[in-house]
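S.K.: Using the sequences provided together with the hints, build the complete structure.
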Amino acid sequence: MALAEPPPPSGVDTPKRAALIVLAGMAVAALVVSLDLTSLDAETVAARVRASGALGPLALIALLVAQAAVAPLPSPPLLMAAGFVYGPWVGFGIGWLGLLLGASVCFGLARAFGRPFAERFVRAQRLAAIDEYVGTRSGTTFLTVLSLRVFMPPLFDAVSYGCGLVRLPFHWFVLATALGELPKVGSFTYVGAAVGGVPGWLTTWILLAPVAGLVVLRLARRAARARRSPAASSPAAS
Numbered sequence: 001m002a003l004a005e006p007p008p009p010s011g012v013d014t015p016k017r018a019a020l021i022v023l024a025g026m027a028v029a030a031l032v033v034s035l036d037l038t039s040l041d042a043e044t045v046a047a048r049v050r051a052s053g054a055l056g057p058l059a060l061i062a063l064l065v066a067q068a069a070v071a072p073l074p075s076p077p078l079l080m081a082a083g084f085v086y087g088p089w090v091g092f093g094i095g096w097l098g099l100l101l102g103a104s105v106c107f108g109l110a111r112a113f114g115r116p117f118a119e120r121f122v123r124a125q126r127l128a129a130i131d132e133y134v135g136t137r138s139g140t141t142f143l144t145v146l147s148l149r150v151f152m153p154p155l156f157d158a159v160s161y162g163c164g165l166v167r168l169p170f171h172w173f174v175l176a177t178a179l180g181e182l183p184k185v186g187s188f189t190y191v192g193a194a195v196g197g198v199p200g201w202l203t204t205w206i207l208l209a210p211v212a213g214l215v216v217l218r219l220a221r222r223a224a225r226a227r228r229s230p231a232a233s234s235p236a237a238s
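Position one of the sequence shown corresponds to residue 1 (our numbering), numbered consecutively onward.
Quick caveat, the hints were computed from the structure, so don't treat them as lab data. There could be a bad hint or two in this list.
[To be verified] Think about it this way: if two alpha-carbon atoms lie no more than 25 angstroms apart in a straight line, the pair counts; the simulated SDA-like pairs of lysine to any residue are: (1) Lys-184 to Pro-74; (2) Lys-184 to Asp-131; (3) Lys-184 to Leu-100; (4) Lys-184 to Ser-104; (5) Lys-184 to Ala-226; (6) Lys-184 to Ile-61; (7) Lys-184 to Gly-114; (8) Lys-184 to Leu-58; (9) Lys-184 to Pro-154; (10) Lys-184 to Thr-140; (11) Lys-184 to Ala-47; (12) Lys-184 to Pro-169; (13) Lys-184 to Gly-56; (14) Lys-184 to Leu-127; (15) Lys-184 to Arg-227; (16) Lys-184 to Leu-155; (17) Lys-184 to Pro-57.
M.R.: Here it is as structure tokens:
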């Protein structure tokens, strides 16, 4: 059974929501201008974040949320800057949290304002493809979103908006995103941290992690199919 699209949002709170979005957009624009990030690259971001002192992690998280939701900023330079400035572990935590919050914002915006709003940021054809791929897999929706996160990082924002347009529970979306973004965040923060030098054992784990992730995902899919098979055959047996 396909996941139906949520009912259209009520118009009662629309002005308040629109005002919040405008204020958030203005805050993001002010942050980008104040950090001089109009021409984005990892070196520039790292220098500006380091100059921000204690506010650097918050600035990175805010930028990661912005690039996911509204701003045409790529995430890899931000993730690499996090690894370069704060090291592989703290940088990973900053990048992981920032992308997770950004994805949640995209999901919430699509759920609150509907498809016309989402199509301002994601092409209609891409949203339709996400609808078809996610919405027709109700039994394994979690694994479907997880696989999209792992294997299709360029569709990160499209998946976030698209999942907000189908009846996917938010907690499953968050869990799939939290797990699925691990390879992307780990790889880019590691590249940034590698400029300053990282221990050899960490390199080994970084190289082995994708293989381990593929094995776990395959086992999870197999277990999900095994659980569905008895359920599908039980009416016939009775």
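S.K.: Evaluate each hint against the coordinates.
M.R.: Verification of the supplied hints:
{"no.": "1", "hint": "Lys-184 to Pro-74", "result": "holds, 13 angstroms"}
{"no.": "2", "hint": "Lys-184 to Asp-131", "result": "holds, 23 angstroms"}
{"no.": "3", "hint": "Lys-184 to Leu-100", "result": "holds, 12 angstroms"}
{"no.": "4", "hint": "Lys-184 to Ser-104", "result": "holds, 17 angstroms"}
{"no.": "5", "hint": "Lys-184 to Ala-226", "result": "violated, 29 angstroms"}
{"no.": "6", "hint": "Lys-184 to Ile-61", "result": "holds, 16 angstroms"}
{"no.": "7", "hint": "Lys-184 to Gly-114", "result": "violated, 28 angstroms"}
{"no.": "8", "hint": "Lys-184 to Leu-58", "result": "holds, 20 angstroms"}
{"no.": "9", "hint": "Lys-184 to Pro-154", "result": "holds, 10 angstroms"}
{"no.": "10", "hint": "Lys-184 to Thr-140", "result": "holds, 22 angstroms"}
{"no.": "11", "hint": "Lys-184 to Ala-47", "result": "holds, 22 angstroms"}
{"no.": "12", "hint": "Lys-184 to Pro-169", "result": "holds, 23 angstroms"}
{"no.": "13", "hint": "Lys-184 to Gly-56", "result": "holds, 21 angstroms"}
{"no.": "14", "hint": "Lys-184 to Leu-127", "result": "holds, 22 angstroms"}
{"no.": "15", "hint": "Lys-184 to Arg-227", "result": "violated, 30 angstroms"}
{"no.": "16", "hint": "Lys-184 to Leu-155", "result": "holds, 12 angstroms"}
{"no.": "17", "hint": "Lys-184 to Pro-57", "result": "holds, 19 angstroms"}
Consistency with the previously given hints fails for numbers 5, 7, 15, ordered from lowest to highest.
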